[in-house]
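Undergrad: If you want the building blocks of each chain, they are given just below.
There are 2 protein chains.
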Amino acid sequence: MSNLEKFFNRCTQIVDEELDKLIPPAATEPARLYEAVRWSLFAGGKRFRPALVLAVGTAFGAGENKLVRFASAIEMIHTYSLIHDDLPAMDDDRLRRGRATCHIKFDEATAILAGDILQTLAFQAIADDQDLSEKVRVKLISELANSAAKMVAGQQLDLDGEGKKISLEDLEKIHHNKTGAMISAAARSGAIIAGANESELNSVTNYASKLGLLFQITDDLLDITQSTEVLGKTAGKDERAEKATYPSIYGIEETRELAEKVHAEAVEELNDLEKPVEILREIAGFILRRKS
Amino acid sequence: MSNLEKFFNRCTQIVDEELDKLIPPAATEPARLYEAVRWSLFAGGKRFRPALVLAVGTAFGAGENKLVRFASAIEMIHTYSLIHDDLPAMDDDRLRRGRATCHIKFDEATAILAGDILQTLAFQAIADDQDLSEKVRVKLISELANSAAKMVAGQQLDLDGEGKKISLEDLEKIHHNKTGAMISAAARSGAIIAGANESELNSVTNYASKLGLLFQITDDLLDITQSTEVLGKTAGKDERAEKATYPSIYGIEETRELAEKVHAEAVEELNDLEKPVEILREIAGFILRRKS
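Taken in sequence, the protein lines are chains A and B.
Going by the working numbering, 168 is the number at position 168 of the first sequence; the sequence numbering is gapless.
Going by the working numbering, 91 is the number at position 91 of the second sequence; the sequence numbering is gapless.
Hint data in this document are derived by calculation from the structure and do not stem from the laboratory.
Hints should not be assumed to be uniformly reliable.
If chains are identical, the list can't say which one is meant, so a pair holds when it fits in one copy or spans any two.
As the list claims (entries may be wrong) - List time: in silico BS3-like cross-link candidates among lysine-lysine, alpha-carbon distance up to 30 Å: (1) Lys105 with Lys237; (2) Lys173 with Lys291; (3) Lys6 with Lys135; (4) Lys139 with Lys66; (5) Lys21 with Lys135; (6) Lys291 with Lys164; (7) Lys21 with Lys139; (8) Lys21 with Lys173.
Sequences and hints are given; from them, build the entire structure.
TA: Printed below as a string of structure tokens:
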């Protein structure tokens, strides 16, 4: 097992343990609500955003105990957004993380409420984190909320653009908001928790911005090159929804070259940091080469 | 104009001004999203929860500047819950605050996203409130999140109970969660901001608990005794949805007597407080006698 695999496994383990403590047991009334929350939250997600919190935070010297709560909270926000994005009124999807989407397994009302309460519990988890000072908690809530608002705006832009011919600039704006902002929040928050200085935070921000772009480019590629089975979510749906994507604008080969270029830029941003950032380089490589 | 009317008008004025600053202008991209948020937020709501924050906070000696941000945030949470509760998959309502519900005026996807971002912006508004210490901000976010989670659980219980014969105990559990928790958070937060001591906070909690119950009892009464036009939302829908209500269990006359009794208990809780709580008495009277 590679170092990176070990790292991801460790992240998944501690984040899942923390999430299990933060979410009421499935038998809690109303049981249907918490079952639905747990159905979507414990569905074998990659925990990429939490891993980024932990990778950056650890590189800057923070202990896991100071990072795991926020890492779990950002996964709760991410999962709430997946539940709502999959609803019939939005992307209308039946499969997510290899299993039925929340509204298919339960019903639409329950899925809406499961998403709603996940967002609430995420902010509460940070507010109640006794391992962080109140000053840091407030900063993290503001950081996360700022990105979560961008994520929602990005989803609206995405829906508004469906079936329309949109420019590359518009496409980048959608991604920057919809996925980039939360990836940026993950990386930046790790650094904030560890007490990084302004210049360091700046490098982390630039790294995360490139990483978010790389994530989206490879996401677009996977949507057309991989099967539904491998992805654990419906493949080929960008094309069917007539969504603008990098391959639809550049073609597959040129998009692959773009991914290489953005990967190199992300790694470049790490060079000025006098910290043990090897794991951050490996994460960028992993995103470049990911198969699902 | 009575003192209470003047007080409510003042609350609406300062809260609406604050909300206008907290929500991006309607022309901000994605314009459809912020138009939808503003459509539901500036629809002439009674601003009851903000008024309660301001009434309790002022009685305990806090300045308006320390109260108005939280008062606005709790209205944002309340409005997000109305937008989502009105969705076709939930209560499926077309009218709210005297105008078309968000998903009717815009569309379902936009309404889901408008509710989502309102919740996000509410927590961000508190986290960024420079007029409060970080310690108080964290406490308020935890208090509000705790109540917002109960509100969602209450809505789930309410949906689960539709068309079933439920006990008075179950009915009270639904209301305690769905509306009581947020009313309690409003009153308690006003006291927390003002730095009330434990014993005072206890009295405020008990007052708010009775006030929340009174609010729900009169809400049930209005649903069957008032017209849709007066209420600004669809009247008579509890009966059509076969929802358990106080009048359906006790009948109208006995429910009115219950309202009087709960009102007296709410006011009783104020007697131990050596503070200028006249406005809190008047608010309880207003809820008892409200016509919409």
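Undergrad: So, for every hint listed, does it hold in this structure?
TA: Results of checking the hints against the structure:
no. : hint               : verdict
1   : Lys105 with Lys237 : both (21 Å within a copy, 28 Å between copies)
2   : Lys173 with Lys291 : within (25 Å within a copy, 48 Å between copies)
3   : Lys6 with Lys135   : neither (33 Å within a copy, 37 Å between copies)
4   : Lys139 with Lys66  : both (14 Å within a copy, 19 Å between copies)
5   : Lys21 with Lys135  : both (24 Å within a copy, 24 Å between copies)
6   : Lys291 with Lys164 : within (29 Å within a copy, 48 Å between copies)
7   : Lys21 with Lys139  : both (23 Å within a copy, 20 Å between copies)
8   : Lys21 with Lys173  : between (36 Å within a copy, 24 Å between copies)
In terms of the numbered hints stated before, the structure departs from hint 3 and from no other.
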